[in-house]
Amino acid sequence: MELAVVWFILIAVLWTGYFVLEGFDFGVGMLLRIAAKNDSERRVAINTIGPVWDGNEVWLLTAGGATFAAFPEWYATLFSGFYLSLLLILLALIVRAVSIEYRSKINEPAWRRRWDWAIIVTAWVPSILWGVAFANIVRGVPIDATGTYTGGFFTLLNPFALLGGLVTLSLFLTHGAIFLSLKTNGALRERASLLAKVFSSISVMVASAWAVWAEIAYSVTWTWTVVIAAAIGLLITRLLTEVGRFGWAFLTNTLVISAIVVLIFGSLYPDVMPSTTDPAYSLTIHNASSTDYTLRVMTWVAAFLTPVVVAYQAWTYWVFRRRLRVEDLPAHHEPTFRRG
Amino acid sequence: MDALELARWQFGITTVYHFFLVPLTIGLSVLVAIMQTAWVRTGNPKWLRMTRFFGKLLMINFALGVATGIVQEFQFGMNWSEYSRYVGDVFGAPLAMEALAAFFLESTFLGLWIFGWDRLPKRIHLACVWLFSIGTVVSAYFIIAANSWMQHPVGAVYNPETGRAEMTDIGAVLTNPTTLVAFPHVIAAAFLVAGTVVAGIAGAWLVKTQREASVKRTPAAVDADRSLYRTALRFGAVTMLVSGLAVIGTGDAQGQALVEDQPMKMAATEGICDAGSGVGFTIIALPTFSDDCDAMTHVIEVPKLASFLFTHDVEGEIRGVNDLQAEYEDLYGPGDYSPNVPVVFWSFRLMIGLGAGSAALALAALWLTRKERNPSQSWFGRLALWVIPTPFIAASFGWIFTEMGRQPWVVYPDLTGTDRVGLQTMFGVSDGVTAGEVLTSMIAFTIVYLVLGVFWYRLMHRYAAEGAPEVGSEPTGDPSDRPLSFAY
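Protein sequences, first through last, are from chains E and D.
All residue numbers for the first sequence refer to my numbering, where the first residue is 96 and numbers rise by one.
All residue numbers for the second sequence refer to my numbering, where the first residue is 372 and numbers rise by one.
Simulated from the structure, these hints should not be mistaken for laboratory data.
Pulled a few chain D residues facing chain E out of the computed Cβ check, cut under 10 Å:
id, residue
1, Val-437
2, Ile-441
3, Glu-444
4, Val-458
5, Ala-464
6, Glu-477
7, Glu-537
8, Ile-541
9, Phe-826
10, Ala-858
Per the computed footprint, the stretches of chain E lying under chain D, defined by three or more beta-carbons under 8 Å from a beta-carbon of chain D, are:
id, segment
11, 136–142
12, 170–176
13, 183–190
14, 199–209
15, 239–249
16, 380–392
17, 396–408
We put the CB at the ideal spot given by N, CA and C, even for glycine.
Sequences are here, hints too, so could you generate the full structure?
Set out below in structure tokens:
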């Protein structure tokens, strides 16, 4: 297979990993005050993602780095073009990383309340914006002959893209609620289970509608199978949350998220960023890619390192596989906040 | 200001901020791993307390370092898309490798380390902190390889058809001579920073345990504290001395390379406008607002020292800014090829001066703790705390020096090579991004960074002031039966 195709697929895999893994981190963050009703429950919720969220986020950094190395033109056009949206995402990710780490470091209600809100807002913003961004890539954006994006911020706010934002939002909410149902107990678990039912119902409608729209308007025939698989997956997820089989629901929701990424990349191929100005200006895996030498080097590196990374990340999930129980929370040993 | 200038300011602000935190993460992660190793090997609880004490500071610092690092990865595409198009084929590779080989390693094993206390078997838990610290060092290697390629582009050719630099030899890119001198320098500086933080905090605490009779604690507990802080102080001080010498040695090696690769930066460092031999080293010059070389007035000068530093020969020949300007015009056409001379000149001196400042603490600490003595002088406690910021600031000036000194180039052309890969900064900025957009993001990042910096400082201060935590008895039984640990 041509190496540019290999890297196109690999980047799709990296985004899938990112959305599947950070998807439930975002979901837990968004539900912090909805599923958890007091400080102890919120601590439990945050600790369910505690050991893994940072490693999950690296999937994004790797997707960014891989795009830079394999498709420099795509990297350059995408990030300079989606400037303000990306700025919002970056600001959210920065504040989020610090919020999760700092929130429980001081045992003072006002301190924690502030960081709680920071965790919540910084989970909602990227959960919506990633969907908006990818829907716009599928739809195509104005790109001129030099590969420069010529639209503005509001070009990106079209109905198809906004619905795309709701897709990632509802899928991540569902994912987070299922994850909390799997990892916690007591009242927190009950609320999370209820939310999983609600959000998976919303996902069924929103994600199916968007997938059909994307398929009809922008995609090719073979991705119909992906659309159908996604729709079935959505329905099964809904059923599994109903009967309380959250382990299986987590798996099927993972497959749904993966199917959406496959649909996105499948509809693009061989473009990476279609131009609405003139199809001749579209960035493709051929005109946006690095040289064959660079791709070959990077293929070797990825072939060696990716299995290792997947192995130790999987081991982390094994080590921390248990439920967290509110009654196991240790007493606070963090210093209380003293002014001055 | 236009988009170019704003983008440069933004890169400067976000990078200096990010790299203010990074050296501490790199150095302290290794020092904490050593502390935990000492605990596993000796079973002495003071090492465990030390691990947890400095480990907490490490986590607080790491969080902000990682968060601000995300911007670095995307900023090239946002503000410097033309640069990205030009260099992506070469420069993207080390960045992607950094993410795959280092970022995953550090964040995954940090999670295992933080949450694995009392849960993972002792030695596996120890392996986690080592893998985490190895990740931070590997990360530094790749990012310095990327930066070194901008300083000295090797292993690539310019392809006029595609209008970009294209990689021909990944081995050459990863073993760039510039990387091989820059990486040890940065790592040595990271240990100097971390050693100073450990010695500074432990020094202040040691004086405190000597001077203040604690009413809340038993004499045995105070003795245990004293022994802990004394060990930490000496550990930090030895780290500072060793790494300080390594910083000097590797810095010297970089100076030699600079004469060959970037003579303009070197001339600007010394404020030498015209060629000469046996050139003196200027310690102080009059401040000036002009970036013109000839506007500088040299006040205190050590004869022949500059020649000696850069050529290891007191009569060595050094070319001046004006000579090089003429040479570059011949090569690259009309234009201004000199960096902002006073900025380069002063940042170099601040780097050296502030870096040397920390030596005072290391020497005082080792002298005052000789032969079982413990310092109780209050001046030493104050010195220990006041010295802490100096190596941080020195490292920042080191980067300001090396990055400003390469202007007006973003990829400094290889003068000896035949491939003429090189790009001026002004051609690297994004085409489609307006000055307003860059200004918006610059203001947003600056405000968010300032606010988070305040919280970072508060927490670092709070936890340092709490002192080393007590540790309970070790839990018994199979670790995997215990409830999951709550670190947040």
